[in-house]
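There are 2 protein chains.
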Amino acid sequence: MPIYNAPLADMKFILNDVFNAEQFWQSNEKLAHVDSATAEAILEEMAKFAQNVTLPLNRTGDEEGAHYENGKVTTPAGFKEAFKQYAEGGWIGLGADEEWGGQAMPKMLTVLADEMLFATNPSFMLYPLLSVGAGMALNSYASQEQKETYLPKMYTGEWSGTMCLTEPHAGTDLGIIKTKAEPNADGTYNITGTKIFITGGDHDLSENIIHLVLAKTPDAPAGSRGISLFIVPKFIVNADGSLGERNTAGPGSIEHKMGIKASATCVMNFDAAKGYLVGKENHGLAAMFVMMNYERLSMGIQGLGASEYAYQNAAQYATDRLQGRSAQGVQSPSKPADSILVHGDVRRMLLNARANNEASRAFAVYVGQQLDITKFSTDPEAVAAANNRVALLTPIAKAYLTDTAFNAAIDAQMVFGGHGFIREWGMEQCVRDLRIAQIYEGTNGVQSQDLIGRKTIKCNGEFIAEYIAEIRDFANDLDSDLNFIKDATLDVATEIEVVTQRIIERAQENADFSNAVAVDYLHAVGLLSFTYMFARIAKAAKAKEGQFYQDKLALTHYFIQRVLPELSSRVAKIKSGAEVIMSFSEDYFTTQA
Amino acid sequence: MPIYNAPLADMKFILNDVFNAEQFWQSNEKLAHVDSATAEAILEEMAKFAQNVTLPLNRTGDEEGAHYENGKVTTPAGFKEAFKQYAEGGWIGLGADEEWGGQAMPKMLTVLADEMLFATNPSFMLYPLLSVGAGMALNSYASQEQKETYLPKMYTGEWSGTMCLTEPHAGTDLGIIKTKAEPNADGTYNITGTKIFITGGDHDLSENIIHLVLAKTPDAPAGSRGISLFIVPKFIVNADGSLGERNTAGPGSIEHKMGIKASATCVMNFDAAKGYLVGKENHGLAAMFVMMNYERLSMGIQGLGASEYAYQNAAQYATDRLQGRSAQGVQSPSKPADSILVHGDVRRMLLNARANNEASRAFAVYVGQQLDITKFSTDPEAVAAANNRVALLTPIAKAYLTDTAFNAAIDAQMVFGGHGFIREWGMEQCVRDLRIAQIYEGTNGVQSQDLIGRKTIKCNGEFIAEYIAEIRDFANDLDSDLNFIKDATLDVATEIEVVTQRIIERAQENADFSNAVAVDYLHAVGLLSFTYMFARIAKAAKAKEGQFYQDKLALTHYFIQRVLPELSSRVAKIKSGAEVIMSFSEDYFTTQA
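Listed in order, the protein sequences are those of chains W and E.
Going by UniProt numbering, the residue at position 16 of the first sequence is 16; the numbering climbs one at a time, nothing skipped.
Going by UniProt numbering, the residue at position 381 of the second sequence is 381; the numbering climbs one at a time, nothing skipped.
Bound conformation, chain W alone (with noise of 0.2 Å):
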């Protein structure tokens, strides 16, 4: 059976001694009703929610799976008394504003409460996680009346969301979707189309479901710029705000995945079903990016919660099997064998997966606080230099820490031996459950060329060099006693600084170049990205004193020694460039001689 145990005592240091987040809160007007005690409450009560609630439910769900007949999706057994519990929580609406029932908390918090959940159920949150996203994208663009109408239900859980945009024929290339909205006399439009890939498309967790669609009107220009959103409300609302008519929009059968299966994943047939613009036309893409940038930070969390219930699982393995002897000789003579914790192998697979949870949850933290300061700062440079940051840090939010979880989980399951492979003790769903991750809300290699294209070669170098000037301030204010961050820190920074500028330059000449080297790149920030967070843990660390400290000290100095190495790998690639890559023709690709 499978644990988990909030890291409470890890999520209340990164927020209260790396981010001084209550300081950040209090001098912040916006923000001024969110003290450390309401903050540390709010956590005690997820953790609670995570551990008695969605984790029993995690296998059983697996087995179980989202269910598809006649039209209709069930959730597995539980599902709907768990999601109705979250919603009575106030969960869902836990950062939405108060204006619509929200408890209007801050980013920086909301990630560690999602954290929680994404590990002991991903299945589960994914369910209320696109309600929040759809509120997101309607709160930012929608009409005063469908905000009205739609966000007070969607945040209490009488309604959920979904987000409409992948077709059979179109997934990253959005420009060439081909449902189409078609308008009425009455200002509304009728939606035809198909859409696959559907989470939440359908389910019974709440009495109506709001799809927010993509669609081309009849004379929308080609590409991406002809592209608008729609409201399709599974039951019509009525004017009184009660459920309506049934739309012509509903699924037509769930896939059979790898994993995420209590998840249910629709293929949505649309057919002229009514639909309500939101914000212009030809201007959807806009919207569903507000969506689309919560969802990418989200999947990084879903990484960190998977990487965090491995690790646990790992080390409670390791912990109690007896295999072998210490090279040191016996450790436990009264035992038939010494603990597996003293082969270093298998420390260094534990070690590997703790690092990555400990830099992603301060990462995780960092781009919320940068989100909070869009949100609410009231400074304009502040604000822009925040949307900057957080422009540049999402791909890595998404993309880094989705592969960097995977490789946790993948050396977790390691831990068990042959156990790993077998359902019973959890980590082979963790594996599953988890690789999507790295796939959906745009794949980590579409992330790597946003990060490497629309986020550094179109802004010049604005963003990552804003970034390192950040970094380095920090790194040269550390004490001496720091020198093995500080010196890393800085020489990293230094490094993606010349690379850079390297790519800069290279993708002037080679227009595939940036194309080629972009996970390389990704990587290499990403890297840099957790450098700056150890550099944070360790002098937060450094100022305390007991064991838990040391620790975080230790574990800095095992991410210096045994993980930044791979920036030099990164490096090389990146140098070796596009041609060896674009040399060969496509046919060879397929062809057998």
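Remember, identical chains collapse to one label, so a pair may be satisfied in a single copy or spanning two.
Okay, derived cross-link-like pairs now, EDC-like style, lysine to aspartate or glutamate, Cα gap no bigger than 20 Å in a straight line:
#1 K458 / E497
#2 K335 / E167
#3 K335 / D173
#4 K335 / D587
#5 K178 / D320
#6 K575 / D491
#7 K335 / E586
#8 K180 / E281
#9 K575 / D487
#10 K12 / E22
Note that these hints are calculated values from the structure, not bench results.
Chain E: place on chain W using the hints.
For chain E alone, coordinates are given in the frame of chain W:
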């Protein structure tokens, strides 16, 4: 529907051009019955079997799974007929001695036949694989009478074989097994105990199953020096070779696993089952290691097969999938988008897999040739050298080829985007099925300990020094127009030489050192091995004309520029040593502050 086209051209290139196999075979009296025409005919026949028989059963086998009921295991629909056809084709005994009905084909060739079956249906392949491994152990250690009784029927497929090592509390550490063997007056033994993770422990493919079981006699010494090997047939074999009474050995259940679901992984209960000692008491591990070493190379082939299958499907998908436009301008103006092969990042993933496949295949044939020398050569010096080489490279073949194959399969899955997560495309099954290859037959961590410990430190680096000497000789003989690979090969050889020396020295100072850096060392030696293989591929390709050979050189460039840079981070991690890993207390790993 997943595709598979046996890579016959590449296989022939490796055999004929890279390794001059016919010359090698014809120069050896015991292999003089093999020529290129025979070898190619065998590969072509196996290709048909793999494409037409096992490939179509791969997904259905996964969906249906092996089934346990009332003490019996049934295999998925079609497996029985396929096994019969495989057995009747003489495939089980392809590499077995003619004396027992085998075809006495060299390992250089059988590894390629195995690759095709592992590519198309790893679950199926495991059934005959265990028979062949059990046959090898019996051939080496059983009495003449035992061989006559069991081997011929195992090679016809009338009977099959298993290896029963693992117990609930004892996997890597076989010294603490509890299964007991009590001697009877008639020279037989009563075997009592529980074994787990027994591949093919029961099934409906053959009339009898010959279990090779590790157990301890009552007065056996403690630890691994007190383990004996027993034949425990499912049905007792009468003196005339007919089947007698049912032995008290059978499955108690089967495991529910992440993958290879059509392969029955059994809990086996032995309840005073009749057993026959193989070889001498307390010498069972040596016999089992004959089998284990065979299986370990086979697991590497499982990796190669899966990686080839993943590559082919991803390359086809990438060719067919239209999404986005080339950075160089529109490539397919008549289509709504270009093929995703225009994107360097997609090519990177495909080329990683392809480079892995071609180097892995060459390496498997190389190790196969070394095994053939040990078996067929009459030159004692050559046999001794080849034995050292096989000892050194078996953990590389098992662990490096499965680690790199898993990465390749993960990359191939990513090429599919969201479709990679959906069952019908076959990629998610490929990943699930492949994952076990890194775990079973000794985890890849255990392989790394074997490489760095017994195979390197224990012999003071003699085996790796001999290997490096061969590689240097080969590289030094390369023409100057191959300087790019010549220089890389010589550089890597020196780097490995230096790091090996460092390891031997530091292992003396710190008993924990080798365990902590073992996996990094295994990957470093793996990179050396692949570099060597590409040097051999490049030399063979350079001697020929045509696009096929030009592409081999281009792939060699790719490997040097885009894969080999990983060596630098491996070496840096080795240099960091064990202290940073071992400094944490055991409590650290599970304590929640």
